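J.: The working numbering puts the first residue of the sequence shown at 1214, with every later residue one more than the last.
Keep in mind that the hints were calculated from the coordinates and are not lab data. It is possible that part of the hints are untrue.
Straight line, CA to CA, 16 Å or less: simulated EDC-like cross-link-like pairs of lysine to aspartate or glutamate [unchecked claim]:
1) K1465 / E1448
2) K1430 / E1224
3) K1330 / E1389
4) K1430 / E1397
5) K1548 / D1571
6) K1330 / E1369
7) K1277 / D1287
8) K1640 / E1551
9) K1548 / E1646
All figures in this text were calculated on a predicted structure; none of them were measured in a lab.
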Amino acid sequence: MPEAITDIAEEKSFDVVVVGAGIAGLSAAATAAENGASVAVIETLSTYQTRGQDIGTVNSSYQKANGLEASEEDINQMCLALQRYSGNRTDQRIYRVWGQRSGADFDWWYQTMLEPKGYGIEIPRWPMEVEYDPVDGEWFPQFCNQQEFTVPEGQEAGMNGGFPGAIGELEAYAKEHGAEFFYEHRGRQLVRGSNPNGTEGRVTGVIAETSDGSYVKFTAKNGVILATGDYGHNEDMMQAWCPSQLALSKEKNVYPSTGNVGDGHLMGLWIGGMMQGIPHAYMAHGTPGGLGSDPFLILDMNGRRFTNEDIPGQSFSDLAEEQPGTVFWQIADAKYPEQMKWSSPTHGANMSFTGDIDAWNAAMETGDKETIEAMLTEQGVSMQHAWTVEELAEGIHVDAATLQETLDRYNGFAHDGYDADFGKQAKRLWPVENPPYFYSSSGQWAFMLTMGGLKGTEKAEVIDEWGNPIPGLWMAGNVQGMRFAVDYPTIVCGLSHSLCLTFGRVAGEQAAAADTSVTEYASVYATWKEANPDADAAGSGAGGPGGAGDAGDAPAPAQG
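Whole structure, please, built from the sequences with the hints as guidance.
T.: Structure follows, in structure tokens:
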């Protein structure tokens, strides 16, 4: 733990201080300000932060108007599925809060701030193609929960559509309700019990470092909300809590920001918070090749199958990292445009061929290579093609006899309607036997962020090792633990954004209405421990990876 910062150049006082200006922090700030609190937002970088564009909610007004209303049982089953996906290492109560209120929270954002400004909503791939017939486990297909914003008329949409502008409207709304923003102010230490890095009493503020190296103390009468993002750019923390992604985070990091380095995690640990156990979930998106996650044949560098190809892009990325040389090939034949629409609506899937299918088939019949190349370019599909198995083997650098053996076995499964090796659904077992054969090299995947955080409650409170809320401290976003574990579930696309929005709202509501007289919570467990000093608390995690550990003593680089 670093020494307490005492060289304070300036002091400011507010009811609530939010640390971090991403979707979670802005949601928290807007909500607290809307509920009458005076609010300060401090952020390391020079402006608010935004990533991606999807937001997956349950029962928003737009979803219900488009036939996507979820019943209470649907919500229960969705939460159970998320819990199972995380190896039962998450807090299902967090999922329940999300399932019950995420639609209303989305409506608050859209109807209050965005719709009046001309933003729209769309749900990609809904309604589904008529050929899509859900198999077991796909009764709430991912893309039926995912909403994206369209930009107001006259504005140009970038790669992430209307999402960056929508985040800006959250900031504007918070300002309209009196919130003050302090950019290039990096949260360094929490003040607890009047002491920087104190371990007893109520959290009453945060000390921030400005761009010139001076320190400002932000007193928070009601408390502090941590919304500092992940720790993907903190090598020590990656080694401690997400070691499997350390190398990828250094080599292929989508977000080369100096902001997301775990400041909020560390500040919380230093005053008595607890980190959820390892392995922490992470986001490292990727796809097998030029046709996305559509379930076409995938081979390793030796020309052998190694997986059921009918899996989401995130899950495939996990497996891809384990392949020899991280080399693999996605292969389809001339009928792939007609097969795409039978794909599952999974993470990274294309699902449709938007070109002229008759022109495509005609080009296949005549072997018109020029037309084929032009249509591939038009589709944005990066694939090469071969007219014989021998040419295909040469193109993917494998032994021709091995490749032929693999194709014969796979095609046999396709014709029999049963995959004896990996159990792929029969409706997605497509033979590779109609030249030309299309292939693409290893799909691109990269590290994006970590998703493990501090332990807490479904009220967004940070808890100590005994499970007691730390008075005056809340959290939202990727600093909030127990939302994800092991892997990022793609059951609901845009789930991370949605949890940020909802628990930013929860934290803002809690902080605005906080009882500031509470300085400690009675601990039943602490009383038991006092009476049983020699008993060991299984799973308390107070030192190893679940607790502060060595990384808890490391100096904090920077936050976002």
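J.: Are the Cα atoms of K1430 and E1397 separated by 16 Å or less?
T.: Holds, because 14 Å separates the two Cα atoms, which is no more than 16 Å.
J.: Is the straight-line distance between the alpha-carbon of K1640 and that of E1551 16 Å or less?
T.: At roughly 13 Å apart (the allowed maximum being 16 Å), E1551 and K1640 satisfy the hint.
J.: Mind checking the alpha carbons of K1330 and E1369 for me, to see if they're no more than 16 Å apart?
T.: Distance ~15 Å between K1330 and E1369 Cα, so the pair holds.
J.: Compare the distance between the alpha carbons of K1465 and E1448 with 16 Å, and conclude whether the hinted pair is satisfied.
T.: holds (14 Å)
J.: Quickly compare the C-alpha distance for K1548 and E1646 to 16 Å and report which way the hint goes.
T.: holds (9 Å)
J.: Is K1330 within 16 Å of E1389, Cα to Cα?
T.: holds (15 Å)
J.: Tell me if the straight-line CA distance from K1277 to D1287 falls inside 16 Å.
T.: Within the cut-off at roughly 14 Å; holds.
J.: Are K1548 and D1571 close enough, with their CA atoms no more than 16 Å apart?
T.: Answer holds: K1548 to D1571 is near 12 Å, not above 16 Å.
J.: Need the status of pair K1430, E1224: alpha-carbon distance at most 16 Å?
T.: With Cα atoms ~5 Å apart, K1430 and E1224 stay inside 16 Å; holds.
Of the numbered hints listed earlier, not one is contradicted by the structure.
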